Amino acid sequence: MPESSYEDISTIYCYSTMPPSRQYSHSTMPLLPVSPYSGPSDFCTENNISECMLYISQELSSLGLPSIFYDLNGIRELDVTSALNGMYDLLQLQRRTMGMVEELEVEQLKVSSDLHCQQLSSSKLKDQLELSKKENIRLRERERQLEINVKSLQSCLKNEKEEVQKLQNIIASRATQYNHDMKRKEREFNKLKERLNQLLADRKDKKQGMDVLNYVGRSDGRRSQWKTVKTDARHESEMYKTLLNEFDKHQKELMLENAELRKVLQQMKREMVGILSPKKHSQKEEKCTEFTDQQAASDEEESSEMSCEHAREKLTNSIRQQWRKLKHHVENLDNKASMVQLGREVGEQMISKDVHQDEMERLKMEIQQCKDFIQTQQQLLQQQLNTPCDEETAAVLNDCYMLEEKERLKEEWKTFEEQRKNFEMERRSFTEAAIRLGHERKMFEEDRATWLKHQFLNMTFTEHMAIKTQNALSDYSVQEQKHTSGPKTPL
Amino acid sequence: MLNNEYGKDDTFFFIYQQDICKDKQCFGMNFSEVFKQSNQLCKISPDGKYLATCVQYRLVVRDVNTLQILQLFTCLDQVAHMEWSSDSLFILCAMYKRGLVQVWSLEQPEWHCKIDEGSIGLVSSRWSPDGRHILNTTEFHLRVTVWSLCNKSVSYIKYPKACQKGMDFSADGRYMALVERRDCKDFISIFVCDDWHLLRHFETETQDLSGVEWSPNGCVLAAWDSCLEYKMLLYSLDGRLLSTYSAYEWSLGIKSVAWSPSSQFLAIGSYDEKVRILNHITWKKLIEFEHPATITSSKAVVYKEVEKKPVIGTEDLSVHQIAMGSSLFNTKSNYEITSLPVQVPVVKPDTDRANPKIGISAIAFSADNRYLATKNDNMPQSLWVWDMQRLGLQAVLEQTAPVRCFVWDPCRPRLALCTGNNKIYMWSPAGCISVKVQVEGSFQVQSIMWHGSGDSLVLLGKDQLCLCYLATDEEK
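Line order of the protein sequences matches chains A and B.
Under the working numbering, the first residue of the first sequence carries the number 1123, and numbering increases by one thereafter.
Under the working numbering, the first residue of the second sequence carries the number 9, and numbering increases by one thereafter.
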């Protein structure tokens, strides 16, 4: 019986299906068959319970669990608690392993997808590699061709050079040959000429001669002189005189030119010194002034010894030095200018970068704020436009906004009206007062006139005069009072 | 024929300016009547008063201004060469075939002189600078005989060389340089013209000395080798070698040489189409003037002669006095200034033949040293004018036909040139003009000569000559 059970177990083991994901895994865990539940197993029957128990105990003990039975007088009795414990443990184990299996499956999926990616990329790289290999081959080929070209051209050049050399040699050799031949022919020709000369001189007929009516005087009127040693010497001396005159003239011209050029050089030097000196440091200025002193001294020297070579060398050396300095100075200025430009730009950039960034941020914030503001405005506007869905409320709302203004305006109108009324009343009262005043004045004038008449009629002349003066005085005093009263009022 | 030539009064025709390019001056050009001449023998006397022409075997002397015949001499044979003596008193007429030289006197028309070289033959004949000696070169250049008109003396100079320019007199007439060749070696002899005393005699380091020329100041003698070798030697008056100049070797060398009137420059034109200027202080090359086929960047003005086809009917206002010939010869031409870059027409020479038509064949300095005119043989229709102050190209004149002759005015910077047609052309720094020679019949100008005063020109045709009087008025 246990054999059959063993067989059964082994068949179970054999036929346990392995999931495909397991194919590539190399786990060290003992593979546990995870077969789906396929109904009650026929492992244990009523007959082989103890064997089954023993087997199961053995298995459990191999898994590290206690056995499920206990021996009682040689009969294996099932220990329910331990069996249940064992089952529980097995279940736990199973759960754990299932979890592990899941994890492993996930991992495997990941790995397989990675692998897939890797495969794709490797195929792409292989293609690229192929392409670059082809390119490489092509370039190598081209390079090879160019090298061949270069070699051939070089060999051509060498050939040409050799040919040129050969031709030159040929020309040289031919030239010597021609010269030799020419000389030979010339000698022959000379011989012929001599012979001809001889023959012609010997011939008596057709002689040469001059037939002239009378001899003419010399063009300069003088008589010709005999050829003597003196005349020879005279000729020599005349020739040398001519040459010397020419040399003198030449030398004078050159001297003049020289003097001009020297003047120009000195002027240039002075100007250069002038340009250089104010821009230098104090040290250099000192040096310069020293130098200028030297120069001044040497100038004097030079002007006195015009053609002294020493002076000439000095002048040229000093010009060269000054020129070098000027060049150096100009170069420095150029460098400085460029550096300043660069520096300014760089500095500006450096400074302005920070500032720039700050400003940018600030501006951005501003923009954002403005945008927000605009948005809110828009929203409000939209609300405004959207919310009055009925005209009444809109009108009411409008009226609400207007009402306050209207009230205010009404109040103001009221105040204006009151003020106007007050002004009118005052104007009326003023006019009445003015009329009254006019009346009173008139009466006063009449009274005054009558009073004066009375006075006048009742008085003597002197009294009249006295009164007049008194009147004048009184008038004056009244006026004075008026005047004195005038300025008081504003105070 | 005689009556026609020598009896008539001469009439003048006034021609006003024609087709001036830039010039503001009005040239009044009067053309004289046409006279006959043979062999292009026509010379103005050194004092500028007389004009001597040879017609076959006759020598005709005229007054330059009135063109009246003053003297008429008859020679024994057709005259091959005619020359005035330096004092304008005598005229030499050489007849090479007969070996005869006849000398005529203006003061004494009945005076005669005949030099017979006999069987020894005559190849060239010329005056000495004092006007009293005649140098005859015999055939095959066997010797030079110096005949004196003052006394019975005769001098012989042996071994003269037959070359391009074997004899040259200095400007003041005191010295003569002669090229000699003995034992296949070149020598130069310097003679004092006064009494033909041999001053110096020295060998030159040349393969085949081709010519000598004195500098205008008479102190330097330039000697150059044949075109097979580029070599220019400069000797002082006392025979010392001052300097040697060689621009290159192997290629054909020097073709033409010219001194500047101040003796400051020596211009050497060579077969490589360049003119090299040597300066008189160091005798080293000062500058090289190239004649490229394409003129690009330059301050030069390029004048191109443009011919207008003859239009029958439109005549010049001033020419109604003359009965013009057929209007076919009335091709007007004027100059147009072409803008750079300009292609100069090049005629490729035949390389197989000797003396190829390539290189600078003619150089001339203007009288004031300021300008240099050059002609490149493979650009035969163009004339190049260089400014010596600036040492650069001043102007290029492109003609419709090859330039035959160009001569500078002896007084002003003015260049007259002709191309073998019926026009004369003049260039000055102010501009260029082309003037048709207004004479009866056709007149093809083949060579030009200036009068010493620069006021008139002698135009020589094939067998005709005519004078052109220039009257320069200021701007009207």
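Certain hints may be false.
[Stated by the list, open to error] Derived Cβ-Cβ restraints for the label pairs, each shown as a range:
no., chain 1, residue 1, chain 2, residue 2, range
1, A, H1302, B, I289, 38 to 46 Å
2, B, E257, A, L1376, 31 to 39 Å
3, A, I1441, B, V314, 52 to 60 Å
4, A, I1397, B, Q397, 26 to 34 Å
It is worth saying that the hints were derived from the structure and are not from the lab.
Predicted model only: the values in this text are computed from it and were never measured.
A virtual CB, placed ideally from N, CA and C, is assigned to each residue, including glycine.
Hints and how they fare:
Between H1302 of chain A and I289 of chain B, the C-beta spacing of about 40 Å keeps the proposed range 38 to 46 Å intact. Checked against the hint of 31 to 39 Å, the pair E257 of chain B and L1376 of chain A passes, with Cβ atoms roughly 33 Å apart. Between I1441 of chain A and V314 of chain B, the C-beta spacing of about 53 Å keeps the proposed range 52 to 60 Å intact. At about 31 Å, the CB distance of I1397 of chain A to Q397 of chain B agrees with the hint of 26 to 34 Å.
Violation of the numbered hints given earlier is absent; every hint is satisfied by the structure.
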